[in-house]
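Heads up: the sequence shown runs through residues 0 to 179, numbered per numbering that gives the first Met the number 0.
Certain hints may be false.
[Claimed, not checked] Label-pair ranges, simulated between beta-carbon atoms:
| no. | residue 1 | residue 2 | range |
| --- | --- | --- | --- |
| 1 | 41 | 112 | 48 to 54 Å |
| 2 | 18 | 162 | 35 to 41 Å |
| 3 | 119 | 149 | 21 to 27 Å |
| 4 | 59 | 158 | 41 to 47 Å |
[As the list claims (entries may be wrong)] Within a straight-line C-alpha distance of at most 27 Å, the following computed DSSO-like cross-link-like pairs (lysine-lysine) qualify:
| no. | residue 1 | residue 2 |
| --- | --- | --- |
| 5 | 90 | 64 |
| 6 | 122 | 79 |
| 7 | 18 | 79 |
Keep in mind that the hints were calculated from the coordinates and are not lab data.
Everything numeric in this text was worked out from a predicted model, so none of it was measured.
We put the beta carbon where it would ideally sit given N, CA and C, even for glycine.
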Amino acid sequence: MSKDDQSGDDHPEGDPLNKLLLRLQLPFIRAHYHELAQTAVEQGWGPLEYLQRLIEGEVSRREDKSLTQRIRRARFPLTKTLDQFQWNWPKKINRPQIQNLFRLNFVEQKSNAIFLGGVGLGKTHLCIALGHAACVRGYSVLFTTAIDIIHTLSAAAATGSLKRAMQRYLKPKLLVVDLC
């Protein structure tokens, strides 16, 4: 259980509201309704503003949890973002074109994007950052290497489970393949 799921234990077990919130799986509201009610009284919020603040907190918690799950499922080897990219090397990189890719229009168009260049120019960094940006925008992503795909599919073919193994690579909205 997360901290949010356990918070709210400071409310009596017999508290009907606490039980209902637990049953409805509303951990943020369960953990914060009492504290926020006190703030509402102190700051003169009306009932609708109080309710809105509770619901905003629950929505935010769920969005954060969903993003965390998408990033975990993407299997990035490390976290990289476009903001961390060093634009001063390589010298001939087309910055506007790269930044345009991060709009992610190619994902909706079911197109491909390929980073080509020599070793050490930042292709993997950009791939991870692009996948991370897609996760933030709500897309399902899988980061893998070409070697991993070959090994996985070869093993699946040998055991007769190729179709199921292919689904792993076809299911995400964005498949990021690093050639290493």
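Quick rundown of the hints versus the structure:
no., hint, in the structure
1, 41 to 112: 48 to 54 Å, "holds, 52 Å"
2, 18 to 162: 35 to 41 Å, "violated, 46 Å"
3, 119 to 149: 21 to 27 Å, "holds, 24 Å"
4, 59 to 158: 41 to 47 Å, "holds, 43 Å"
5, 90 to 64, "violated, 39 Å"
6, 122 to 79, "holds, 11 Å"
7, 18 to 79, "violated, 41 Å"
Comparing the model with each earlier hint shows violations of hints 2, 5 and 7; every other hint is respected.
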